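Assemble the whole structure, with the sequences as input and the hints as a guide.
There are 2 protein chains.
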Amino acid sequence: MNRPSMVRAHQQVLIDHPKHRKPSNPASRLSRSLSNLLHLHIETPQRSHLSCTNWDLVCQEKQSMPVMSPKEDISYMWQQLHGSNDWHNLLDPLPPCLRREIVKYGEFAQATYDAFDFDPFSEYCGSCRYNLNKLFEQLGLTKHGYKVCKYIYAMSHVNLPGWLERSHWVDTWSKDSNWMGYVAISDDEETRRIGRRDIAVAWRGTVAPSEWYEDFQRKLEPIGDGDAKVEHGFHTIYTSKSDSTRYNKSSASEQVMKEVTRLVQLYRDNGEEVSLTITGHSLGGALALLNAYEAGKSLPGLPISVISFGAPRVGNIAFRDELQDMGIKTLRVVNKQDIVPRMPGIVFNESLERFDDFTGTLDWVYTHVGSELKVDIQSSPYLKHGLNLAGFHCLETYLHLVDGFHGSCSTFRSDAKRDVALVNKACDMLVDELRIPHCWYQLANKGLVPNAHGRWVKPTRKPEDIPSPCS
Amino acid sequence: MNRPSMVRAHQQVLIDHPKHRKPSNPASRLSRSLSNLLHLHIETPQRSHLSCTNWDLVCQEKQSMPVMSPKEDISYMWQQLHGSNDWHNLLDPLPPCLRREIVKYGEFAQATYDAFDFDPFSEYCGSCRYNLNKLFEQLGLTKHGYKVCKYIYAMSHVNLPGWLERSHWVDTWSKDSNWMGYVAISDDEETRRIGRRDIAVAWRGTVAPSEWYEDFQRKLEPIGDGDAKVEHGFHTIYTSKSDSTRYNKSSASEQVMKEVTRLVQLYRDNGEEVSLTITGHSLGGALALLNAYEAGKSLPGLPISVISFGAPRVGNIAFRDELQDMGIKTLRVVNKQDIVPRMPGIVFNESLERFDDFTGTLDWVYTHVGSELKVDIQSSPYLKHGLNLAGFHCLETYLHLVDGFHGSCSTFRSDAKRDVALVNKACDMLVDELRIPHCWYQLANKGLVPNAHGRWVKPTRKPEDIPSPCS
Chain A
1 MNRPSMVRAH
11 QQVLIDHPKH
21 RKPSNPASRL
31 SRSLSNLLHL
41 HIETPQRSHL
51 SCTNWDLVCQ
61 EKQSMPVMSP
71 KEDISYMWQQ
81 LHGSNDWHNL
91 LDPLPPCLRR
101 EIVKYGEFAQ
111 ATYDAFDFDP
121 FSEYCGSCRY
131 NLNKLFEQLG
141 LTKHGYKVCK
151 YIYAMSHVNL
161 PGWLERSHWV
171 DTWSKDSNWM
181 GYVAISDDEE
191 TRRIGRRDIA
201 VAWRGTVAPS
211 EWYEDFQRKL
221 EPIGDGDAKV
231 EHGFHTIYTS
241 KSDSTRYNKS
251 SASEQVMKEV
261 TRLVQLYRDN
271 GEEVSLTITG
281 HSLGGALALL
291 NAYEAGKSLP
301 GLPISVISFG
311 APRVGNIAFR
321 DELQDMGIKT
331 LRVVNKQDIV
341 PRMPGIVFNE
351 SLERFDDFTG
361 TLDWVYTHVG
371 SELKVDIQSS
381 PYLKHGLNLA
391 GFHCLETYLH
401 LVDGFHGSCS
411 TFRSDAKRDV
421 ALVNKACDML
431 VDELRIPHCW
441 YQLANKGLVP
451 NAHGRWVKPT
461 RKPEDIPSPC
471 S
Chain B
1 MNRPSMVRAH
11 QQVLIDHPKH
21 RKPSNPASRL
31 SRSLSNLLHL
41 HIETPQRSHL
51 SCTNWDLVCQ
61 EKQSMPVMSP
71 KEDISYMWQQ
81 LHGSNDWHNL
91 LDPLPPCLRR
101 EIVKYGEFAQ
111 ATYDAFDFDP
121 FSEYCGSCRY
131 NLNKLFEQLG
141 LTKHGYKVCK
151 YIYAMSHVNL
161 PGWLERSHWV
171 DTWSKDSNWM
181 GYVAISDDEE
191 TRRIGRRDIA
201 VAWRGTVAPS
211 EWYEDFQRKL
221 EPIGDGDAKV
231 EHGFHTIYTS
241 KSDSTRYNKS
251 SASEQVMKEV
261 TRLVQLYRDN
271 GEEVSLTITG
281 HSLGGALALL
291 NAYEAGKSLP
301 GLPISVISFG
311 APRVGNIAFR
321 DELQDMGIKT
331 LRVVNKQDIV
341 PRMPGIVFNE
351 SLERFDDFTG
361 TLDWVYTHVG
371 SELKVDIQSS
381 PYLKHGLNLA
391 GFHCLETYLH
401 LVDGFHGSCS
411 TFRSDAKRDV
421 ALVNKACDML
431 VDELRIPHCW
441 YQLANKGLVP
451 NAHGRWVKPT
461 RKPEDIPSPC
471 S
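Chains A and B supply the protein sequences, listed in that same order.
Read left to right, the first sequence gives residues 1 to 471 (the UniProt record's numbering).
Read left to right, the second sequence gives residues 1 to 471 (the UniProt record's numbering).
The set of hints was computed from the structure by calculation and includes no laboratory data.
Quantities reported herein were computed from a predicted structural model and do not represent experimental measurements.
There may be inaccurate statements among the hints.
Identical copies carry no separate label here, and so any pair may be met within one copy or between two of them.
Quick list of in silico lysine-lysine cross-link-like pairs, DSSO-like style, CA-CA up to 30 Å [unchecked claim]: (1) K62 to K134; (2) K175 to K62; (3) K458 to K134; (4) K458 to K175; (5) K62 to K462; (6) K458 to K62; (7) K175 to K384; (8) K297 to K249; (9) K150 to K134; (10) K446 to K462; (11) K374 to K143; (12) K458 to K71; (13) K143 to K446; (14) K458 to K446; (15) K446 to K134; (16) K446 to K384; (17) K462 to K417; (18) K71 to K147; (19) K258 to K241.
What follows is the structure, encoded as structure tokens:
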């Protein structure tokens, strides 16, 4: 049986099974087809049951608790928390001060989803719903003490399935580009607490990478002057530009590097110590790594870290080695049950016996970089443990698991304070006993409001929130 | 091939066809299986295209228009509009004053959906979200000049698939009953305009009746003292009660008749002319008919009309004849493409050649009663015309079509004023050019709000909106 027909046979089995006939969104559809393609046998373990959990009590107690512990001063050890020693002895057990930092950057990445306009009937589909001065305020993130300085937009010259959100309108803010992330800077108070002026870059992900699975197989392309190669799809999003567009006359790469360079100079001229921390989930984690590679090349001496969540592999061994040689530190947060971090290259790397005909391409092999913080769905008593590949991959699931993580041999932290309800914003992972609806993050009436005549209309955006190529 | 195996064979075909593997809610699932069971071949006609429609212009013009025409005095002809002459010469063409009345009662029926708590994680799932003094205000229906007097609750002793909405909570407002409708009374101003004090009863429907199709085949049961028989499922919802429940110590029938009788006496004692108008959509239309039958028996001389939307057949010929003999007038609004009004009994009545073995049961045949106002999806340039059985059956689709109806040979009224956006509240029927999201009627964050600590919680209901058996 050759591979395509094997795939078809497996897909057939999947489709004929009643369990797989239920409603599917693109994410769950692709995860199903993936789990099949990749011959994954995800365990569906029993609930690690809290004996006689009184959920009503749990709910009540949680509700009267603040969502954050008091912040502590980490200025004396920021380099270690930033990975200077590759987080050696800092991940298992995980100290609270590092946990807080990981969650902070994770919430910066989450903001790129929460503020994104996904509505195809909006003329601003694919943009950020708020201008950069309001973003953190609208999302309740001012508590972290950063200020957004610049929005990043990306396009792609290659037709990558499902990554670009497009408006149905002819007359739209942009036909080619999507809001892809932002650059932020720590304010004076946070700078004092964390011991340096921190430039944070957050990259938006999509559910798309797994849809590119078929394309992924051999499409590595060179980056830099050496043998380093990276996945073609990620690279094209990072570097594409076109004079005929409004938002990508310069590429995402050029936009982010220009702003980061400006900030580094500004604060160094001010005599301050400066760091760069790049974060992203899924595709966003891949872009973060490309961004770190470029920053490492053009800003030598700058402490650079990547904190990624559920990110796929990006490049080959030479790419990893170059990152290491430049001193770029990467902390990959990986959920054991999430399949995206095993892509692409899972077939090459983990099933070599099975596809002997492919071993000739081993010099192209994809590899992960840096240190790994492994979390596990099974550790949390709040989560359903049944197969839910979309839920396993959700960033909010990751943030919940990090919040509850103490060490690989410890149970879920009983004093974890982050709001558990957030997990279900865009998936259905919480146990029913918590009574949190699934996929609850939604606008009232999908944004329609009654006008003066009582007609339901989509309000025009406030002028200050209309995207502009200059922000 | 006997019938069951034929059905299975058809179902198999349905399941194997890729078109039928897409996301499905209960409504679309059942409509698919029905269209198959009933050997329906719904036409999927071409759009009746407005030549060169400038949708932007259409949208703009609509938005600056009031949603209602001025009201006119109908006191001099209310009996005819109430069906005294079986709406003879009043349906084709349809005079504006009757159209307004039909839409008014339709909006009363729509209120039973719009205010219903469908959330299984709500402890008040299955109740009305507002108390009766706030209902019309919350839904923007005070314009009609009625006041809600009484809520009606229903239960069923028989296990009817999918009709009862249940809370996941153990400690819920009611385990057995659902809010099923209400009684309202015209205020003084509206009473002057319409020429009599009008008692309106609105019954909530569900998508369930079509799920009972299999049960429907022979389960007629006697009603009254003669040969009249009605469908068992409808009758059990209308008449079930149990001392062990909080809301159905008396049946829906007893609740509604007690309130209607009280109101009739109150206003007759006041020397006023009184009418009863009962409305409902789908299952609600069936309950309206049972309600009218009972009111006809116990309140002789009271002018009683039923205005139903997409209602299934309810009883046999003797049932119809008794209704006629009592002078009960029924106006059935039927959308040509909606299959629910053809149920139950469609197999008996329309495919006799096919199921010869069943013709022995013809004395049990279900039949429609009263006058029919037939509307047609194809008449509206705002609607998609592709197969969408759930959308064809939606009450808002009906109200849109009535609003645009002038006569069977006329095009959609260009001066129809009702807000077209309402159609898509719970379905996907509007052409994309209108840019109205589908299924847009939804709460912000599914009702979750951040509490004082920033945690997302379901707020407890306002005390005045907590259901009570006394309201």
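Outcome of the hint check:
1. K62 to K134: Within one copy only: 29 Å inside a chain, 33 Å across chains, cut-off 30 Å.
2. K175 to K62: Answer is between; shortest inter-copy Cα gap is 28 Å, intra-copy 45 Å.
3. K458 to K134: Classified as both; 21 Å inside a copy, 26 Å across copies.
4. K458 to K175: Answer is within; shortest intra-copy Cα gap is 20 Å, inter-copy 39 Å.
5. K62 to K462: For K62 and K462, only the inter-copy Cα distance (22 Å) is at most 30 Å; the intra-copy one is 36 Å.
6. K458 to K62: For K458 and K62, the Cα distance is within 30 Å only across copies (13 Å; inside one copy 37 Å).
7. K175 to K384: This pair counts as between: shortest inter-copy Cα distance 26 Å, intra-copy 40 Å.
8. K297 to K249: within (23 Å within a copy, 78 Å between copies)
9. K150 to K134: within (12 Å within a copy, 47 Å between copies)
10. K446 to K462: both (17 Å within a copy, 25 Å between copies)
11. K374 to K143: within (27 Å within a copy, 60 Å between copies)
12. K458 to K71: between (41 Å within a copy, 28 Å between copies)
13. K143 to K446: both (28 Å within a copy, 25 Å between copies)
14. K458 to K446: Both. Shortest intra-copy (9 Å) and inter-copy (19 Å) distances satisfy the 30 Å Cα cut-off.
15. K446 to K134: both (21 Å within a copy, 24 Å between copies)
16. K446 to K384: both (28 Å within a copy, 20 Å between copies)
17. K462 to K417: between (35 Å within a copy, 28 Å between copies)
18. K71 to K147: within (18 Å within a copy, 56 Å between copies)
19. K258 to K241: within (15 Å within a copy, 73 Å between copies)
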